[in-house]
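Letter by letter, the chains look like this.
Protein chains: 4
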Amino acid sequence: MALRTAAEYLAGLNDAREIYYRGERVRNVVGHPELGIAARHAAIDFEMAHNPIYRDLAVHRAGSDEYSAYYRVPRNVQDLLSRSKLIEAGTAEGATLVLLIKEIGTDALFALKRVLGRTGEAESIQRIENFYTHCRDHDLAMAVAQTDVKGDRGKRPSEQSDPDMYVRVVEKRADGIIVCGAKIHTSCTPYVDEVIVLPSRSMGPGDEAWSLAFAVPVATPGLRLYASDYLHGADDPFTRPISTKHKMVETLTVFDHVFVPWDRVFYVDRPGLAGATALTFVEFHRFTAVSYKLPLLDAIVGAGIAIAKANGIDRAGHVRDKLTWLGGYAETVRGLTELAALRCKVENGVAYPDVFTTNMAKWTFAREFHQAIETLQDLAGGLLVTGPGGMDWNSPEIRPVLEKYLPGAWAADRRMAVMNLISDLTTRLYGGYQAVLAVHAEGSIEAEKMAMFRAYDPTRSVNFAMRLAGLDTHTTAK
Amino acid sequence: MALRTAAEYLAGLNDAREIYYRGERVRNVVGHPELGIAARHAAIDFEMAHNPIYRDLAVHRAGSDEYSAYYRVPRNVQDLLSRSKLIEAGTAEGATLVLLIKEIGTDALFALKRVLGRTGEAESIQRIENFYTHCRDHDLAMAVAQTDVKGDRGKRPSEQSDPDMYVRVVEKRADGIIVCGAKIHTSCTPYVDEVIVLPSRSMGPGDEAWSLAFAVPVATPGLRLYASDYLHGADDPFTRPISTKHKMVETLTVFDHVFVPWDRVFYVDRPGLAGATALTFVEFHRFTAVSYKLPLLDAIVGAGIAIAKANGIDRAGHVRDKLTWLGGYAETVRGLTELAALRCKVENGVAYPDVFTTNMAKWTFAREFHQAIETLQDLAGGLLVTGPGGMDWNSPEIRPVLEKYLPGAWAADRRMAVMNLISDLTTRLYGGYQAVLAVHAEGSIEAEKMAMFRAYDPTRSVNFAMRLAGLDTHTTAK
Amino acid sequence: MALRTAAEYLAGLNDAREIYYRGERVRNVVGHPELGIAARHAAIDFEMAHNPIYRDLAVHRAGSDEYSAYYRVPRNVQDLLSRSKLIEAGTAEGATLVLLIKEIGTDALFALKRVLGRTGEAESIQRIENFYTHCRDHDLAMAVAQTDVKGDRGKRPSEQSDPDMYVRVVEKRADGIIVCGAKIHTSCTPYVDEVIVLPSRSMGPGDEAWSLAFAVPVATPGLRLYASDYLHGADDPFTRPISTKHKMVETLTVFDHVFVPWDRVFYVDRPGLAGATALTFVEFHRFTAVSYKLPLLDAIVGAGIAIAKANGIDRAGHVRDKLTWLGGYAETVRGLTELAALRCKVENGVAYPDVFTTNMAKWTFAREFHQAIETLQDLAGGLLVTGPGGMDWNSPEIRPVLEKYLPGAWAADRRMAVMNLISDLTTRLYGGYQAVLAVHAEGSIEAEKMAMFRAYDPTRSVNFAMRLAGLDTHTTAK
Amino acid sequence: MALRTAAEYLAGLNDAREIYYRGERVRNVVGHPELGIAARHAAIDFEMAHNPIYRDLAVHRAGSDEYSAYYRVPRNVQDLLSRSKLIEAGTAEGATLVLLIKEIGTDALFALKRVLGRTGEAESIQRIENFYTHCRDHDLAMAVAQTDVKGDRGKRPSEQSDPDMYVRVVEKRADGIIVCGAKIHTSCTPYVDEVIVLPSRSMGPGDEAWSLAFAVPVATPGLRLYASDYLHGADDPFTRPISTKHKMVETLTVFDHVFVPWDRVFYVDRPGLAGATALTFVEFHRFTAVSYKLPLLDAIVGAGIAIAKANGIDRAGHVRDKLTWLGGYAETVRGLTELAALRCKVENGVAYPDVFTTNMAKWTFAREFHQAIETLQDLAGGLLVTGPGGMDWNSPEIRPVLEKYLPGAWAADRRMAVMNLISDLTTRLYGGYQAVLAVHAEGSIEAEKMAMFRAYDPTRSVNFAMRLAGLDTHTTAK
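Protein chains in written order, with this note's numbering: chain H, 717 to 1194; chain F, 717 to 1194; chain C, 717 to 1194; chain Z, 717 to 1194.
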């Protein structure tokens, strides 16, 4: 019964979920003028599974069985490469915006499988297996609520003055648990079926109540979604060719005494599992991230080349230098992403990309993204923020003036199409959204550096240096 | 009769000027819901002249005579420092957005005085002097239309397939000239009194018709302004504390057989003066630019410090490192700006800032601005693009949820106020506007580098190197 | 008869070769106090082939046949990976200094095979095949003389005032040709068996005489080697643990009417082949380069970690940040090198690494190398240039003073061993040598950028951008 | 009796001082083949005072009194600018190497005057005044021993396992004190008259014995100087035009029960003064540093321009770009240095440069120096490390070969003179010396960043940001 259609997916969102947007309760997500755009963007996931072009990539076949390839548990290099390609293809169909209604959820499921697998606790292992099978077989869309609102960054969960700064269990009952607290930056919550909740940090003694992982349907009583309107108002497809059609929505995700039955509780009161879950999750999720960044990078390089031609400056030395840098930047990220898969490790039969290489790819992407934006804006010109809008372009009186005065080496309509693509990608709401995501999504640059520091194996390099210095290598650690 | 009030200035905009915005003719600039914001932002210029706090800085007194200090012809270091301070103060009052209705116009007037002064041609000198006195004594607001639409960047004006790609004279009559063509990126045109038109590049033989400088009132027949709606729609003061109240508007400025009487024609048919005008203008205008960038830099540094405290991360080593970099970046620009004035040169009694130092300040500002943005976004967090909007904040039902869940080391209202300031400065339309201006306004980074290369005096350094190498210095050039 | 011993190799250098060093003719290379160090460094190549640890890597076996694995013509990914590993292992044995007596020569041979293979000219193909077999079967050491002295960089070979600025044919005889001119930067020439001479640039009509490739034994009459003494005088193994034992020598390689028999002339008078040879050669040679840079990078990272521990600062946040950067830098180069092999192409049965990826690896290495040096010096401290020398250390009177006063978290002897390793790697003659090689060897950074620009395939990225902009992709080029 | 001649200065070094170099005691510094070069380099200080070209800059006249201008206590902007110019001129005469036999000593004296002035303790104030007058009136040369050997970086002086890791008082007697311990990186010690000893860090309770400042003549019994031979062996003026004639020497400076009479003890047992002294000293010394870096920067820029011309590549776009960057880098440091003086503060009549601006200048210099080196090496070419040596150049047989084959756009002799200047500046021992000094001398880059963080006044920027955010500024600190 897997492989729903886009229509089935959208129909499934029509339930009692409690969403607030711009100060008001939203009763019908799909019918909402802005949230509906996001839901239909996400629905591309289901369209691809039925599109002959993508079937091989998007659908896993095992005998007569078929399910969404996002749910395929990676077993080897090839599975990870295919997963990366699928995420990349979905994002390209999404016009540089990731779909993210199965990517992140399966990242969480694979991580929980690995973490619980390490415990050898049969019941927990069965619960995550059952939940995974449920999601896969019903072709469900999932959000992952991980980042807690945190309160005072200098204090652990149990030290906060308000205990709800991290999501926690407030009551354990025979049939399940009651949870309170809030998560932030939860992507796609208003238009998925399930929310998987993971700890966002390592926990210590005393943090038991905050050490839990579980999943609930979005329409669970007490679960309230306060959706950000950051991308509100992008209504001009002339100047915003991407963002008028593609949108993602994040929520403040509040758990107000939400009941979770035991079969949805993957663990609770387990400080020892919290940090492991957080780390294992990002081992998958940063690989997802660098995979879904590739179309954005392609768009930046491609738009850079196109606007250089459209402006008639593509033969200038400094322009070639900038295009070369852009290409080198983008392809370094792509290369390291591929290599992270090629160097994968396997734990309990689950393949995961090499941690150092994945983080290196993400770090490279993140720390040079703003320079890429600057470079692209440099190539494009001031018209990015001083040009005409769609109402001008559509005016029969004004259009001829613009057509006369705005050509470069390309005619005005073609030049402005590329110019506006760049404006959408780099200067307006969507541009700001991508810029901040580059710095913060899937962990900040500092988090990536810490992950690299931890994952780096110094054996070869330190031993070599010690040998060159004429020192015993076995005493290095001294 | 100088020193108009803001009301007088705004009233003066009510004339036959021909403005188009979002596809429609605008009959009343001040009353327009969006252009009116820009006009009232510009009116701060006039308010300051009547504000006791700023009178000394904003008003020049010569005997019983008084006029706007923007019009004071700089004679020495002190005049340039005062001018810089005035521009900085105006921009700070404008909440990081320059006012620019006298700054750029006087930059152009001072440049024309210097360039025409070199010719020794009494009539031209008198014309510019008369026009300057007219503007000064009537306390007029001015735009400068310089950047031509350019068409094919590889061709000179006379080589373009459409001769209107650069503004040109199409007819010379007894009483004046007729001009055609279009300028782009003209700031503030809809709400100034006069438009000064300058060449945007050096001209050669054959480019006579495009080698002209003149000025016309905005309401001159045939002058049509197509205003960009880039900043359209910033209607939520919660998330956009600056840009809902402050706005600048650029136009595509079309000259459709505009008549210019001879006393407004500073020169025509003078290829030899075109490049000189363009270069001399930016000698003043880049100094204006670095002066008006200072409040933006202060806002970035100050917001960085504030959000680090609000988030409770201000004691982390990497945070201090980032704040130090931000401060060093901002203060290098400020220091070099001050130094450009201190090292000024004087031509024909007009003081102008040191060209190399001015460009070095601008280059420093421009090439590291995107890194500053990244750093500020890094300090702030993902909430920049996933946070609540004003309609949420104003909802009595939702506000308590936000107040509970969004505090850091500061309460949620104070933290969100700083967060939204940063979001406005770096991620939304206004953020994109400032980012592109950093790269392109007052000349691109490449243009600044070329100006630095030309202005660098290699004598000291090359002679020293030659002496160290044991070589004659007089043969260096060989 | 392949697989000579180191002693056989060194004995083979005793011939009539004409070498000048520090103003004097050198009659016995191996016995020379400085050139002998370089020759014995190169001899590591032969030692490895007889070392059981390296035999699998260093020796190619085909049936009963055995030859040095450098001569193995790469046919697939695995061959290229093995070649890279061999070059890396040789350089590690060389203590960060490449051996380069077969690496570069086989790069040249493989390139000539590909280039001549394209011509389909049986005689030329046979000549290169014969020469390759000769070198392989006699286990010869080879230098490649490519970079011409060039004279006026703005002129082509035929335009130079002195025609000898590029190596050229001055006479064609029945038995061979006579060549004149000089090459610069030729590595290892004094202690190899053969010199392969390639054009250093593309040639055009009129450049026929300069369009040739050939090979001669070093001891050919008229071939004169003027060896650089740049690394002269490294005589203190305490402060120079690497460079007192390992050395490479470059020559100005002068051809004064050198006779080359026809079977050693791969082509002559072929402007069309010159540029192709130069480009094809660097396709192999930059892959060699990034392979041999890896031990240097390992040494830098490893020494950075070790000195941080020795100094007792390894827990400081900024130190971890710097070590992370160093690791990320080094591993990006390593990763891209591996990927260049994994993405190889095959021409006429010869596998060559992906050109864009190879150049990206080299570009990454080169443009950030000086930052790595700065970082390492930062971690080490001023003692790099103010510390004691070996004569102090060896003085029974002084050593106790040094041992008392120079410990950090490690004892003085261990700390100084790492400190001096870093000093040798970054501040003294060898440090300068590696720094300049990073910028210039195997082509400058600008050359790498040009290669990247040419090798970048814009199809995917430009098509994607055009699609996002709503434009036909087939008209991009317009 | 001030204003000694160079001969008098050199004669004064002939005393019982205890110096070790390359494992041996040096009895005659001036006559030593290597240390003598350093002493004569330092003697340039005295030559300048008698050179009519420099008298106005180098000599202070007060009535009939004359003394070295280094000793002039700065009272205002002009004094600081003159001091900076004098240091710059001395370093230019020293061919990019600072003289440093009065610069650093007066930095220490001015700092002690300020710090002791704050205490109001008449006796201490008199002691420093007497010592200052003594040095000034006898025109003495001074070293400053500040950096302790430190041992375990994680422990305070009193916590070290060996108490001699920081210089300390071991006995207080009626006539003076006995001190033990060692300083490192002490510049010029072997060829100065006096050594001033300052604490290198802040001290706390328990650190009394290490909290002292004093001065002794170099020839004091128990004071032993172990000179580094890092710059040993620069004997070829062809390839090392600077470093064969100019040299500076650092010592490990050991105090083995050195007696200091009370009138040379500025304070002892004063933890409260230790940190203040260290900070106040660098307020002067970093200004000295940026002043003496200017000739090095000029040499880099000038050599860059010269070699671009010599190589014939000065018209290439990327070359102009690099030269522009070099000029911008150097002139930013120069500009900020000048500004640090212009913004000086005055304490007790002693003017000192603005702390933030001084550190900003030093930080700019230090963090981009390696990029400047890379850029210069890029412009020069591989010949920096593969070129001929002086013995080749002086050989009548070889010189003609080099002259024929090594010209570019300039003849070989002129091109090689510039090439070798760059090689000396960037690749050999002297290049390494300058590179490490850039990172570590006068405090590391991290120390400069900490100084900037502390010196930054956030009032203006934070208040502005708070106002923009609509928040009270007086609650910022909350």
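Don't take every hint at face value.
Copies of one chain are not kept apart here, so a pair can be met inside one copy or by any two copies together.
No more than 25 Å apart at the CA atoms, straight line, and that leaves these computed lysine to any residue pairs for SDA-like [stated by the list, open to error]:
#: 1; residue 1: Lys871; residue 2: Lys1120
#: 2; residue 1: Lys801; residue 2: Leu1058
#: 3; residue 1: Lys801; residue 2: Leu773
#: 4; residue 1: Lys1038; residue 2: Ile1161
#: 5; residue 1: Lys1038; residue 2: Cys896
#: 6; residue 1: Lys961; residue 2: Arg1183
#: 7; residue 1: Lys961; residue 2: Pro937
#: 8; residue 1: Lys961; residue 2: Val1062
#: 9; residue 1: Lys1038; residue 2: Gly870
#: 10; residue 1: Lys1120; residue 2: Thr936
#: 11; residue 1: Lys829; residue 2: Trp978
#: 12; residue 1: Lys801; residue 2: Arg1183
#: 13; residue 1: Lys871; residue 2: Val1062
#: 14; residue 1: Lys829; residue 2: Gly1028
#: 15; residue 1: Lys1120; residue 2: Tyr770
#: 16; residue 1: Lys829; residue 2: Lys871
If you're looking for bench data, these hints aren't it; they were derived computationally from the structure.
message: Tell me the numbers of any earlier hints that the structure contravenes, in ascending order.
response: When the structure is compared with the hints, numbers 5, 7, 8, 13, 14, 15, 16 turn out to be violated.
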